[in-house]
Amino acid sequence: MSSVGHDDEFITEGPDDEKHELGADTSTDKEPPFITEGSDDEKPELGADTSTDKEPPKPEEGAVESTTSARPTSATAAATRPDTIEDVREEIQPLPPIRAPPQTDGPGAYAMGGRALGARGLAGPVRAQEPTRPDEVAAPEDTGAGLAQARPVEEDEQRDIEVATPVQAREQAKDASKGLLLILLLCVLVVIVAAVVVVLRSRADSDEQTSPRPTASPSVQPTEMPSSDQDKLLALLPDYTVTAIQQGSNAQSQAWDWMLEDPSFDRYDDERRLQRFGLAVLYFSTKGHEWITQDSFLNYTLHECEWMLESFDPTLADQTVTRLSCDPTNQSATRLVFNTNNLAGYLPRELALLTSLQELIIMRHPGLVGTLPTEIAKMRALESIAFHNNRFTGILPTELLLLNNLRRLALEGNLFEGTIHTEFGLFSTNLSHLTFDTNRFFGTIPSELGLLTTLTRLQPVPNQFDPGTIPTELGCLTEMRELLLSGQNTTGPIPSELGMMTNLFRFSASKTLLTGPIPTTIGQWTKVRSVNIDFSPLITGPIPSEFAGLSEAVALSLGSNSLVGTIPSELGNFPNMKVLDLSSNALVGPIPSELARVPMRLVSLQNNQLTGTLPAEFDPRSSGPQGALNIVGNNLTGSIPEGLCFLMSPSCNWSSPSMEGSFPCHFNYDCEELVCSCETCTCP
Numbered sequence: 011m012s013s014v015g016h017d018d019e020f021i022t023e024g025p026d027d028e029k030h031e032l033g034a035d036t037s038t039d040k041e042p043p044f045i046t047e048g049s050d051d052e053k054p055e056l057g058a059d060t061s062t063d064k065e066p067p068k069p070e071e072g073a074v075e076s077t078t079s080a081r082p083t084s085a086t087a088a089a090t091r092p093d094t095i096e097d098v099r100e101e102i103q104p105l106p107p108i109r110a111p112p113q114t115d116g117p118g119a120y121a122m123g124g125r126a127l128g129a130r131g132l133a134g135p136v137r138a139q140e141p142t143r144p145d146e147v148a149a150p151e152d153t154g155a156g157l158a159q160a161r162p163v164e165e166d167e168q169r170d171i172e173v174a175t176p177v178q179a180r181e182q183a184k185d186a187s188k189g190l191l192l193i194l195l196l197c198v199l200v201v202i203v204a205a206v207v208v209v210l211r212s213r214a215d216s217d218e219q220t221s222p223r224p225t226a227s228p229s230v231q232p233t234e235m236p237s238s239d240q241d242k243l244l245a246l247l248p249d250y251t252v253t254a255i256q257q258g259s260n261a262q263s264q265a266w267d268w269m270l271e272d273p274s275f276d277r278y279d280d281e282r283r284l285q286r287f288g289l290a291v292l293y294f295s296t297k298g299h300e301w302i303t304q305d306s307f308l309n310y311t312l313h314e315c316e317w318m319l320e321s322f323d324p325t326l327a328d329q330t331v332t333r334l335s336c337d338p339t340n341q342s343a344t345r346l347v348f349n350t351n352n353l354a355g356y357l358p359r360e361l362a363l364l365t366s367l368q369e370l371i372i373m374r375h376p377g378l379v380g381t382l383p384t385e386i387a388k389m390r391a392l393e394s395i396a397f398h399n400n401r402f403t404g405i406l407p408t409e410l411l412l413l414n415n416l417r418r419l420a421l422e423g424n425l426f427e428g429t430i431h432t433e434f435g436l437f438s439t440n441l442s443h444l445t446f447d448t449n450r451f452f453g454t455i456p457s458e459l460g461l462l463t464t465l466t467r468l469q470p471v472p473n474q475f476d477p478g479t480i481p482t483e484l485g486c487l488t489e490m491r492e493l494l495l496s497g498q499n500t501t502g503p504i505p506s507e508l509g510m511m512t513n514l515f516r517f518s519a520s521k522t523l524l525t526g527p528i529p530t531t532i533g534q535w536t537k538v539r540s541v542n543i544d545f546s547p548l549i550t551g552p553i554p555s556e557f558a559g560l561s562e563a564v565a566l567s568l569g570s571n572s573l574v575g576t577i578p579s580e581l582g583n584f585p586n587m588k589v590l591d592l593s594s595n596a597l598v599g600p601i602p603s604e605l606a607r608v609p610m611r612l613v614s615l616q617n618n619q620l621t622g623t624l625p626a627e628f629d630p631r632s633s634g635p636q637g638a639l640n641i642v643g644n645n646l647t648g649s650i651p652e653g654l655c656f657l658m659s660p661s662c663n664w665s666s667p668s669m670e671g672s673f674p675c676h677f678n679y680d681c682e683e684l685v686c687s688c689e690t691c692t693c694p
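Counted from 1, the sequence shown has number 409 at position 399 by my numbering; the numbering is strictly sequential.
Keep in mind the hints are simulated off the structure, nothing from the lab. Any given hint might turn out to be false.
[Claimed, not checked] Straight-line Cα separation of at most 25 Å, DMTMM-like style, residue types lysine to aspartate or glutamate; simulated pairs:
1. K388 with D337
2. K521 with D591
3. K537 with E492
4. K188 with D249
5. K242 with D272
6. K537 with E489
7. K242 with E271
8. K188 with D272
9. K297 with D267
10. K297 with E385
11. K537 with D476
[Claimed, not checked] Have a look at the derived ranges for each label pair, beta carbon to beta carbon:
12. C197 with R390: 21 to 29 Å
13. P503 with N309: 37 to 45 Å
14. P407 with T311: 36 to 44 Å
Note that beta-carbon positions come from the ideal geometry of N, C-alpha and C, so glycine has one too.
Please take these sequences and the hints and turn them into a complete structure.
Here it is, written out as structure tokens:
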């Protein structure tokens, strides 16, 4: 038997076929029931002394406990023991249904829930009775029955037995699991925060501008912004800009300070705020205070579209020096021009904030360095980019391929390097102008450029290309108007496929290592105005008679090659010809008189092996050369036509379509071999 209380009350259990014998009290007052414990083998005798001086009997180890409920007897009942088991059973009342024990928050007197529940159920009608302590059990009267008497319970004492809440191992395990889970979640959160910090640092490193990274503290921290409008602007800015502002002492933080001081800041919408901020960053990143023309740039009182009106310089080929133009309907910037305006520094990534810009021209600034920001690819409205004659470096970003509206990309005269990506063949189908000569590109000219079927101008050389041939695929560029392939590393023959460029206006392959004859298909260039294949000593063969098809030609330069044969008379059929240079070849035979049909400004036939006399048609007073004639270094004989004296007159001037201005006429000849009747004839 095991005690359930603090020696207050004892409960015994036994098998069904062996019950405790119950006796009745003979007192006049109604007595409450009592409960005893015992084992199957050893039961306490009824009527035994229950005083506190005597410890209750304990069951033997392994005994099975059972519980019964005693039924109270009347005062007049005889206190005699029942004679048989059947009599006892008749007097036992059925057990009340077991009720669930009340739940408490802490351990109580009863740590064993099952037994406490049993005690509660056996209590029956006296369920509100307090646990009985051994020292409170009254000694029974000697009624002769030898039964123990229980202490009466007063009416106002009746209350629920305090049942101890059992110690729940499962709840403890659950609490421990929750604690462990919380610790794991905190660890995961720490790892995530650390990963985010690492990613942000790596992004900040990759976003660093080409200029030295600033180390000073920012003049204005984003967290110190005085208004919700400024908070909203900060939220609109890209992460790399926010990082730069936080670093301070750079163009971005200067532009931010300038924005904060704008008295009209709160009246701008988001588009204008971003536009003004982007232009301000450009100003500070290119040392705007040193610009030649600043106009009203960064003027608070003016709309940004009025900051820089168009200005000109007549000495420049592209006369516009500065210009900021806007769409009149929505006042968004559409055209930005800086030509020879002393910009120095770098192009900021914040240019991408000018999302409506269609034309971006920044050229002839030797102080402008660094790489092209890849964010330019976000300016999807761009149609023209001209960055030539600056000092930009690095590899061309392939992100430029995302500019689907791009028509012009001029990158010549910089320090770009790397190879020309084959992906450039996937450029915008609108691209018509592509120039990247005079840089440091290496490799070869990719044949994929032949996929740019809308291309009208291509100038890939000179660069540091490996020796390579002209891709035959370029012949597919039937819209081509200017093909400029001059450069020392261009080798191999001139592809005959180039004859398919029937819209060609200008072709140049000067100072190359091209070999072989000039293809006859060039005669199909019926719209060409200028053909320049010179200073390529490996060009051999005769001048094709098919050149007669170049009916629109103004200038034909084939000098300093290794051409042989005679001068085709068909070259005299060019009504618009102004310059004909066949010098320094191995041409033989007479000078065709047909060449005198056209009043050319310059005829250069020197240093060949020409023979015969100089045709009288070369008299400039009729139709011959009007500016310069050079026939020195040949084997000509006879006398000089009198009309050529005009070429040596001080009043004679000439001009060339390839040169600006007017020049004195001149006539170079071999005075020892030719007879000159002019008064001004002198031998060199």
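Hints, one by one, checked against the model:
1. K388 with D337: Holds, at roughly 19 Å.
2. K521 with D591: holds, 15 Å
3. K537 with E492: Measuring from Cα to Cα gives roughly 11 Å; hence the hint holds.
4. K188 with D249: At roughly 38 Å apart (the allowed maximum being 25 Å), D249 and K188 break the hint.
5. K242 with D272: Holds. K242 to D272 sits at ~16 Å (cutoff 25 Å).
6. K537 with E489: Holds, at roughly 12 Å.
7. K242 with E271: holds, 16 Å
8. K188 with D272: This hinted pair is violated, its Cα atoms lying about 55 Å apart.
9. K297 with D267: Judged against 25 Å, a Cα distance of about 16 Å means the pair holds.
10. K297 with E385: Roughly 21 Å between the alpha carbons, so the hint for K297 and E385 holds.
11. K537 with D476: violated, 32 Å
12. C197 with R390: 21 to 29 Å: Violated, at about 44 Å.
13. P503 with N309: 37 to 45 Å: Violated: the Cβ-Cβ distance is about 60 Å, outside 37 to 45 Å.
14. P407 with T311: 36 to 44 Å: Holds, since P407 and T311 (Cβ atoms, about 38 Å apart) stay within the stated range.
The structure fails to meet hints 4, 8, 11, 12, 13 from the earlier list, while all remaining hints are met.
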